[in-house]
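Can you make the complete structure from the sequences, with help from the hints?
There are 4 protein chains.
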Amino acid sequence: MAKPVPEPDQALLDDLVVANRVLYHKNIVDGLGHVSVRHDKDPQMYVLAAERAPGLVRREDLALYDLDSNALTLRERRPYNERFIHGEIYKARPDVHSVVHCHTPALVTFCVCQTPLRPLYHMSGFLGRGVARFEIREVAGMTDMLCSTPQLGAALAKSLADKQIVLMRGHGATMAGQSIKHSVFRALYAALNATMQMDAMRLGEVTYLADEEAMKGMEINDRFIDRSWSLWKHEAMGPS
Amino acid sequence: MAKPVPEPDQALLDDLVVANRVLYHKNIVDGLGHVSVRHDKDPQMYVLAAERAPGLVRREDLALYDLDSNALTLRERRPYNERFIHGEIYKARPDVHSVVHCHTPALVTFCVCQTPLRPLYHMSGFLGRGVARFEIREVAGMTDMLCSTPQLGAALAKSLADKQIVLMRGHGATMAGQSIKHSVFRALYAALNATMQMDAMRLGEVTYLADEEAMKGMEINDRFIDRSWSLWKHEAMGPS
Amino acid sequence: MAKPVPEPDQALLDDLVVANRVLYHKNIVDGLGHVSVRHDKDPQMYVLAAERAPGLVRREDLALYDLDSNALTLRERRPYNERFIHGEIYKARPDVHSVVHCHTPALVTFCVCQTPLRPLYHMSGFLGRGVARFEIREVAGMTDMLCSTPQLGAALAKSLADKQIVLMRGHGATMAGQSIKHSVFRALYAALNATMQMDAMRLGEVTYLADEEAMKGMEINDRFIDRSWSLWKHEAMGPS
Amino acid sequence: MAKPVPEPDQALLDDLVVANRVLYHKNIVDGLGHVSVRHDKDPQMYVLAAERAPGLVRREDLALYDLDSNALTLRERRPYNERFIHGEIYKARPDVHSVVHCHTPALVTFCVCQTPLRPLYHMSGFLGRGVARFEIREVAGMTDMLCSTPQLGAALAKSLADKQIVLMRGHGATMAGQSIKHSVFRALYAALNATMQMDAMRLGEVTYLADEEAMKGMEINDRFIDRSWSLWKHEAMGPS
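Residue numbers (my numbering), protein chains in the order written: chain A, 1 to 240; chain B, 1 to 240; chain C, 1 to 240; chain D, 1 to 240.
Keep in mind the hints are simulated off the structure, nothing from the lab. Only a predicted model underlies this, so the values are computations on that prediction, with no experimental measurement involved. Cβ atoms here follow ideal geometry from the backbone N, Cα and C, with glycine treated the same way. Any given hint might turn out to be false.
Keeping only pairs whose Cα atoms sit at most 20 Å apart, straight-line, the calculated SDA-like set for lysine to any residue is [said to hold, decoys possible]:
1. D:K216 with C:L146
2. A:K233 with D:E51
3. C:K26 with B:L56
4. A:K216 with D:P150
5. D:K26 with C:L56
6. B:K26 with C:K233
7. B:K216 with A:V139
8. B:K233 with A:K233
9. B:K216 with A:N70
10. B:K26 with C:E235
11. A:K216 with D:V139
12. C:K91 with C:S148
13. D:K216 with C:V139
14. A:K41 with A:R77
15. A:K216 with D:L146
16. D:K26 with C:N27
17. D:K26 with A:A236
18. B:K158 with B:R202
19. C:K233 with B:D95
20. C:K41 with C:D15
21. C:K26 with C:D9
22. D:K26 with A:N27
23. A:K26 with B:G238
24. C:K216 with B:M142
25. A:K233 with A:A11
26. D:K26 with C:H25
27. D:K216 with C:Q151
28. A:K216 with D:K216
To be clear about the criterion: a stretch of chain A counts as covered by chain B if any three or more of its residues have a C-beta under 8 Å from a C-beta of chain B, and this derived list gives those stretches [to be verified]:
29. 42-55
30. 109-115
31. 144-154
32. 164-172
33. 195-203
Facing chain A, a subset of chain D residues (Cβ under 7 Å, in silico) [unchecked claim]:
34. V139
35. A140
36. M142
37. M145
38. G170
So this is what it looks like as structure tokens:
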């Protein structure tokens, strides 16, 4: 703690503010929910807003945390109770550079049922790697459902394993990505796929993407996120 | 009536205006529906707008009522026909300091079916105490469905008993809370839970919160309402 | 036609513009659909916009028609093809002073199925008088589905009989009211009831309003439309 | 390529910008999806935006392509990967002057099920000619689902045959029209019909338009698109 904390890249911080606003604008988060990014200069740190609704987050609300989720800056502000979700996933998954946690209704629906969430189209090919599930009762019995301790965060990270998304029973979902744009993309299209899948399952027998189609679809979409990001940013922040 | 009426706290009145606007902005109420708060200086009085759509309510529309729902101020304005819902609940429930009454579509759906409304996730843990039901036919036979007399208000309060919410057959719902923010929170998340539950029930077998999870979820959420309230206020009223 | 055409009340024309905008704002109509009012000074005439999307209708688009749906003013403008819906209902129903015709999705759903649309709550008590159905095939065989002749308009009016609303197979719905505000109210709440009924029917066995409850509900709501109208006008037209 | 490229009509280019914005505003496209128009002076060319989200497309983003989908202008910009959808349909269908490609959720639902998309009402009469289906696996095995080669574009055009719309399994839909307004109209009402059909099929037995009704409905609606177009333009671009 005594060593000086390196300043994250300013564009990264700007993108994190945009991500907060986009997730709010797209109804992925409401008053609660959060998105973080791993520090670009020190992988043992991450950036996350201090307590504030994501739709209202500004640059000055962003705080640095170590991977045990101790605040390194803005220590006078109350941190999110569930910041351990972020820290523990960054510990367990060096490939992950951004994490979204949300209570999106379309995903909560899948969280409380055993019906698998599966990719309907190329936009949600990332679901093809499989969707993890987290049952907090198995880890901690009767709780308030929140991952508000290092132990619960670590258990969630263990459930996530090498997947991109984990559905948390009676709570919500957590997505991982190689960048802010990727974790936001996955949050948006996981929710959209969930909505469409509920409709499709009522309409008839569903043909899901084959594993190979899903992987190839993910690869191509992962390379074209900027086109969508420009739009999302414009929608959430106004003309730049 | 001859004794002077104490002035409620100004911030409380401001919050009641905000609550009206938030409930409208979130589609909990439309042209009809209302929200009240118990007087902070005299528990035998409550504040409720005189007749006006909640989305248009201003400070000057707020009137004071005694618990028999007689207007103490703004007597020249027509009061809501169903103000007795508020007065009679305040009489029966000293712990309640705010009441919302609404015809929210997702809740009306549950009002006309016997399927229980149950908590899917921590945000709606308050449903874990159980959801009351009110059948006006049992009390008054064939009516216009409105609780527009002291007797009907009292019957509704009796149905509510020690619960936080009562579903009124063929009509709508009424929520109670320990503060304005709590009753608004419950209206929003009861509706959201109802929407998700309808989807989840079609998707597969649903795992609801256990009673203990629901209680713990309610306790933690009851302590963090300010984060959501700031957002709702911003959405409904613009930047402060 | 040679006799001078009396000028309708200016407030009535203003209300008709508002009604066009409200129906658009509330997604009852899209680029198509229309609303008319019977002339306040001559019951043998009605006011209806000349061809223009309802969301864009202004005072200068309003034309007068006789009950055979001949244009008395704005004759240089193309009239709506289906103006006969209005003229023929005014002929057949002296009690009707306003008519809405729309293709609202929630109502089209009921138009193409035989499932009865029934009142779930007091707001849609007007459905308790029953919902008429119109099958254009019975009248005219294979058509483009439009009521674009006096004969088809008259057949529709006959199907409507003494009801407040008629569902037109493969087309849309038409509502009648004793005033502009009443026909708009019925369009809005018929659509809302349809949406809720679809949800409720999937949720469990539905308790509909009893006939007497529906009639009493309609009576009370018919008297309190101004509260909702103020809101709808504000939403559609901005602060007055 | 050496010959000079004729300048398209300016109003046509303006309409193409409007079409991009309308499709975005109506949620037919999101960050992805596109709409093109055949060149009015040379049927061997078409106009399509270079890579950019349709909701942000401006006049300066519009590029000319030959029917092999080689860029004739704006060659320094990256073209859409799936421009071959447009070029190959224009090759195969001289009657087609505009093409929309989209991933609209309501249509994706039908893309992954075998349930036929059928016209419920006159507005979607164009579906009466039948809805084509494209299974990319039959043509190219395991892919990323995109029609990003001339061969895949040609296979899609072959599947479309003489229809107005083709549903692409695991991907989205493509609509054809005799003008920009017609292809946009078909995208909007195909999606709306899909949403309503899902509801109607759950509600009861559905009466679809007879073939003759569908054809007559299409003919009448094809003649009245300007009324809707004026509204869509106003909504997407503001008052003109």
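The hints, checked one at a time:
no. : hint               : verdict
1   : D:K216 with C:L146 : holds (10 Å)
2   : A:K233 with D:E51  : holds (17 Å)
3   : C:K26 with B:L56   : holds (17 Å)
4   : A:K216 with D:P150 : holds (19 Å)
5   : D:K26 with C:L56   : holds (17 Å)
6   : B:K26 with C:K233  : holds (19 Å)
7   : B:K216 with A:V139 : holds (16 Å)
8   : B:K233 with A:K233 : violated (23 Å)
9   : B:K216 with A:N70  : violated (25 Å)
10  : B:K26 with C:E235  : holds (14 Å)
11  : A:K216 with D:V139 : holds (16 Å)
12  : C:K91 with C:S148  : holds (16 Å)
13  : D:K216 with C:V139 : holds (16 Å)
14  : A:K41 with A:R77   : violated (24 Å)
15  : A:K216 with D:L146 : holds (10 Å)
16  : D:K26 with C:N27   : holds (13 Å)
17  : D:K26 with A:A236  : holds (17 Å)
18  : B:K158 with B:R202 : violated (33 Å)
19  : C:K233 with B:D95  : violated (39 Å)
20  : C:K41 with C:D15   : holds (16 Å)
21  : C:K26 with C:D9    : violated (26 Å)
22  : D:K26 with A:N27   : holds (17 Å)
23  : A:K26 with B:G238  : holds (19 Å)
24  : C:K216 with B:M142 : holds (9 Å)
25  : A:K233 with A:A11  : holds (13 Å)
26  : D:K26 with C:H25   : holds (14 Å)
27  : D:K216 with C:Q151 : holds (18 Å)
28  : A:K216 with D:K216 : violated (43 Å)
29  : 42-55              : holds (count 4)
30  : 109-115            : holds (count 7)
31  : 144-154            : holds (count 3)
32  : 164-172            : holds (count 4)
33  : 195-203            : holds (count 3)
34  : V139               : violated (13 Å)
35  : A140               : violated (11 Å)
36  : M142               : holds (4 Å)
37  : M145               : holds (4 Å)
38  : G170               : holds (5 Å)
Checked against the numbered hints given earlier, this structure breaks hints 8, 9, 14, 18, 19, 21, 28, 34, 35; the rest are met.
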